[in-house]
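Enquirer: Chains as they are written, first to last, in this note's numbering: chain W, 1 to 398; chain F, 1 to 398.
Honestly, the hints are just simulated from the structure, not real lab data.
Quick caveat, the model's predicted, so the values are computed rather than measured.
Cβ coordinates follow ideal geometry from the N, Cα and C atoms, glycine included.
Treat the hints loosely; a few may be bogus.
Straight-line Cα separation of at most 25 Å, BS3-like style, residue types lysine-lysine; simulated pairs [claimed, not checked]:
1. LYS38/F - LYS38/W
2. LYS151/W - LYS123/W
3. LYS38/W - LYS11/F
4. LYS206/F - LYS11/F
5. LYS151/W - LYS206/F
6. LYS39/W - LYS39/F
7. LYS39/W - LYS38/F
8. LYS11/W - LYS206/F
9. LYS355/F - LYS206/F
10. LYS38/W - LYS39/F
11. LYS206/W - LYS11/F
12. LYS11/W - LYS39/F
13. LYS151/F - LYS206/W
14. LYS11/F - LYS38/F
15. LYS38/F - LYS11/W
16. LYS11/W - LYS11/F
17. LYS206/W - LYS206/F
18. LYS11/F - LYS39/W
19. LYS11/W - LYS38/W
Derived contacts from chain W toward chain F, CB cut-off under 10 Å, selection only [claimed, not checked]:
20. LYS11
21. ALA40
22. ASP207
23. ASP232
24. ARG255
25. GLY256
26. ALA326
27. ASN330
28. ARG360
2 protein chains.
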Amino acid sequence: MKRRSILKKAKRVRILDLVREMGESSRGEIAREFSLDKKAVSLAVDGLLEEGILAVSGYRTSRAGRRRELLSINGRHGISIGIDLGATHVIGVLSDLAGVVLERAFFEVRPGLPMEIILEQMKTIAARLLSSGRAASRVRAVGVCVPGFIKPGEGISLIAENIAGWRDVRIRELFETEFREPVYVDDSSRAFAAAERWLGHGRGQKDFIALDLGYGIGLGIFSAGAPLMGADWRSGEIGHTVVNPDGMPCACGNRGCLETVASGKAIARQAAEGIRAGKSPLLRDLTHGDADAVTAQDVAMAATMADAFSIEVIRAAGVAVGLALANAANILAPSLVVLGGGLVSAGSTLTDTIKEAFHRNCMPGIREQARIAVSALGADASARGIALQALEIVFAGA
Amino acid sequence: MKRRSILKKAKRVRILDLVREMGESSRGEIAREFSLDKKAVSLAVDGLLEEGILAVSGYRTSRAGRRRELLSINGRHGISIGIDLGATHVIGVLSDLAGVVLERAFFEVRPGLPMEIILEQMKTIAARLLSSGRAASRVRAVGVCVPGFIKPGEGISLIAENIAGWRDVRIRELFETEFREPVYVDDSSRAFAAAERWLGHGRGQKDFIALDLGYGIGLGIFSAGAPLMGADWRSGEIGHTVVNPDGMPCACGNRGCLETVASGKAIARQAAEGIRAGKSPLLRDLTHGDADAVTAQDVAMAATMADAFSIEVIRAAGVAVGLALANAANILAPSLVVLGGGLVSAGSTLTDTIKEAFHRNCMPGIREQARIAVSALGADASARGIALQALEIVFAGA
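Kindly produce the complete structure, drawing on both the sequences and the hints.
Expert: What follows is the structure, given as structure tokens:
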């Protein structure tokens, strides 16, 4: 794609973004906001109205008595599918352009499943959502998010180290062949941040970070209102910041990464060890004595039930996360830190400890401006984010 | 300033930036690069030519036989002053628009000097440069960079914690009153990164980080070709990322910050302790036995002379810096890491250790794409960077 057309698309995306954020907007307001030529804005808006992406939702009369159209997103017009592949789940949503979820589908992914089966699960979910009555034939795009590095442009998932054998998966090609819709691929943590930006705490925030704390740990970053991608779209690997140089070996090959202490994977591993060592009768009972079946969710639950061992594990995780987040905030100076991912909804022991450790380690002058909020978007956040990202890209280029 | 005019200025800055990077550029190339209307570009270029900021440096004949003007920066046209205040120095440069230094001035700042005297030193340097024959009356702007938080818009230096008593200094107001030139104020580490972007390793790099390792430690960040400022321009406080939660108290109020181990200040403190404890006869001799007079430069020099104690101190600093840089790189995914500041030119023990520790702690997949380079811009880098930043702002708005 030529740089020129990318930037033309960027203009359409910015217009859609602004209208979504304001709820309603006039052509004049859009032109002023972006310091764009009124004629250029009107041309772009006419295109978006004609395609049905924007709708005229009302009128406002100016002081001079002129009647101005108010534009808003036509949620109904555009529908997309968002698929979020995690180490333990495949979640799919059917989302409209306003971010409203029309349908949802879910598969559990068990550790060690072969790549082919996981891909089949993903396709099955996409097919089920596509054939839903609510989709009709209005689906315009499919977004797929995966943990780890991707190859921008080609939509290849290079590696997801928490999924055994997952390497160089040509997601865009596979899904475009199967479903004949444009496919957009990005990292799950950036998709989570996009969901927060459009639908959650990130609305109206130019500089914020969104922590995706699940089986792995990632960070989505918005800087000056745009997602920070880094070279080759590799930003956000907070799970591999080193919190203890003498710590345990990590799947990435280094030592003492945050993920060795605070990820769902690490918490479950510590809990299994604890059960075997007889340190937590409660966890043993919760798992019917099968130490290998224990999950981080179990540990979080046991912590809220005052299990001393579980509290200790969760607190250690929270301290490490708070430290890593504070270090990221010292560098990025965000106005908001969103805590999200599967683990943050499992009781407040974890989030309280994260907040304390963040506050203790973040530099004065940075911490006062960095509000911490817990995501309210739930388990579907990344799927919703990638669905909206995919739609934006498609509409930008229509 | 209205958003509209800020963006109009941004267009002029982008044009100047591109022409500087390309060396020479045609109107058509500029329009294509930014996907801007040809007419809009031509209007902006005409303005820049009329003001003498751009010059026609040649012609190129297209395949269709049409002769096209080649535009380049008219270095002679614009001259500015850059003042860099550090904890141990005030450096001033007279720079032209192409970044060529025409004059230089320097004062040592001794720890504990009252703020009023430091300000007088800064003004004296500016006045000396302004009255130089080479400045004639062509100086168009004054840039001032300071370590630490500033108040964007008002040009107030809020706090420079390594300079005793430095609080809420109205730099812009003081200098505009004195010199009747537009004054631009920013953080020194961001000014260093700007110098690298325009004059050093950062040329042509969209995503890079520049470490400013001196008496304090800061990080300048470019993301997608633009400086990352963060909320209220507070980005880049890598010196206060915590490398050891149980470490020493830091001037910022927290514990175990990178600056407590690896800054010029921390290295000098450790060296003074070492001299008193009789651990380094070489350092004692270098300082004539005055432990309090030892500087980080002395330690770096002693390390290159194989002084075991100094090597140990420098290595510990390098390990901590490499870790903090790796953690920043994991989050930002830069294609380049520039090592700069007063300490990196003092022997390779420090830079070699930083590189090793960076490589050990940076995640595979990130470290392969993040080339490390040592700055070649020397002690004047930040002063040159802030001089260019100030000129860009002024020309953008002329």
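Enquirer: Next step is simple, just say for each hint if it's right about the structure.
Expert: Structure-based check of each hint:
1. Between LYS38/F and LYS38/W the CA atoms are separated by roughly 16 Å; this keeps the pair inside 25 Å, and the hint holds.
2. The suggested pairing of LYS151/W with LYS123/W holds, with an alpha-carbon distance near 20 Å, which does not exceed 25 Å.
3. About 17 Å separates the Cα atoms of LYS38/W and LYS11/F, which keeps this hinted pair within 25 Å; it holds.
4. Between LYS206/F and LYS11/F the CA atoms are separated by roughly 18 Å; this keeps the pair inside 25 Å, and the hint holds.
5. Restraint check: the Cα-Cα separation between LYS151/W and LYS206/F comes to about 18 Å, which is no more than 25 Å; the hinted pair holds.
6. Annotation: proposed proximity of LYS39/W to LYS39/F holds, straight-line Cα distance about 14 Å (limit 25 Å).
7. The suggested pairing of LYS39/W with LYS38/F holds, with an alpha-carbon distance near 15 Å, which does not exceed 25 Å.
8. Among the hinted pairs, LYS11/W with LYS206/F is consistent with the structure: their alpha-carbon atoms are about 21 Å apart, no more than 25 Å.
9. Straight-line distance between C-alpha atoms of LYS355/F and LYS206/F comes to about 22 Å, which keeps the hinted pair within the 25 Å bound.
10. Between the alpha carbons of LYS38/W and LYS39/F the distance comes to roughly 15 Å, so the proposed pair stays at or under 25 Å and holds.
11. Only pairs whose Cα atoms come within 25 Å are accepted, and LYS206/W paired with LYS11/F is accepted, the gap being roughly 21 Å.
12. Distance check on the hinted pair: LYS11/W and LYS39/F sit about 18 Å apart at the alpha-carbon level, within 25 Å; holds.
13. Annotation: proposed proximity of LYS151/F to LYS206/W holds, straight-line Cα distance about 18 Å (limit 25 Å).
14. A distance of roughly 13 Å separates the Cα atoms of LYS11/F and LYS38/F; the hinted pair therefore holds under the 25 Å criterion.
15. At most 25 Å may separate the alpha-carbon atoms for a hinted pair to count; LYS38/F and LYS11/W meet this at roughly 17 Å.
16. Between the alpha carbons of LYS11/W and LYS11/F the distance comes to roughly 15 Å, so the proposed pair stays at or under 25 Å and holds.
17. Distance restraint check for LYS206/W and LYS206/F: the Cα-Cα separation of roughly 20 Å lies within the 25 Å cut-off, and the hinted pair is therefore satisfied.
18. A distance of roughly 18 Å separates the Cα atoms of LYS11/F and LYS39/W; the hinted pair therefore holds under the 25 Å criterion.
19. With a C-alpha separation of about 13 Å, the suggested pairing of LYS11/W with LYS38/W holds against the 25 Å cut-off.
20. Of the supplied interface hints, the one on LYS11/W holds, with its beta-carbon coming within about 8 Å of a beta-carbon of chain F, less than 10 Å.
21. Against a cut-off of 10 Å between C-beta atoms, the interface hint on ALA40/W holds, since the closest Cβ of chain F lies about 7 Å away.
22. The restraint placing ASP207/W at the interface with chain F holds, with a minimum CB-CB distance near 5 Å, inside the 10 Å limit.
23. Because the beta carbon of ASP232/W sits about 6 Å from the nearest beta carbon in chain F, less than 10 Å, this interface hint is met.
24. Residue-level restraint check for ARG255/W holds (minimum Cβ-Cβ distance to chain F is 8 Å; threshold 10 Å).
25. Because the smallest distance between the Cβ of GLY256/W and any Cβ of chain F comes to about 8 Å, under 10 Å, the interface hint for this residue holds.
26. Satisfaction of the interface hint for ALA326/W is found here, the shortest Cβ-Cβ separation to chain F being roughly 7 Å, below the 10 Å cut-off.
27. Hint on ASN330/W holds. Least Cβ distance to chain F is approximately 4 Å, under the 10 Å limit.
28. Taking 10 Å as the C-beta contact cut-off toward chain F, the hint placing ARG360/W at the interface holds, the least distance being around 7 Å.
Taken one by one, the earlier hints all hold for this structure without exception.
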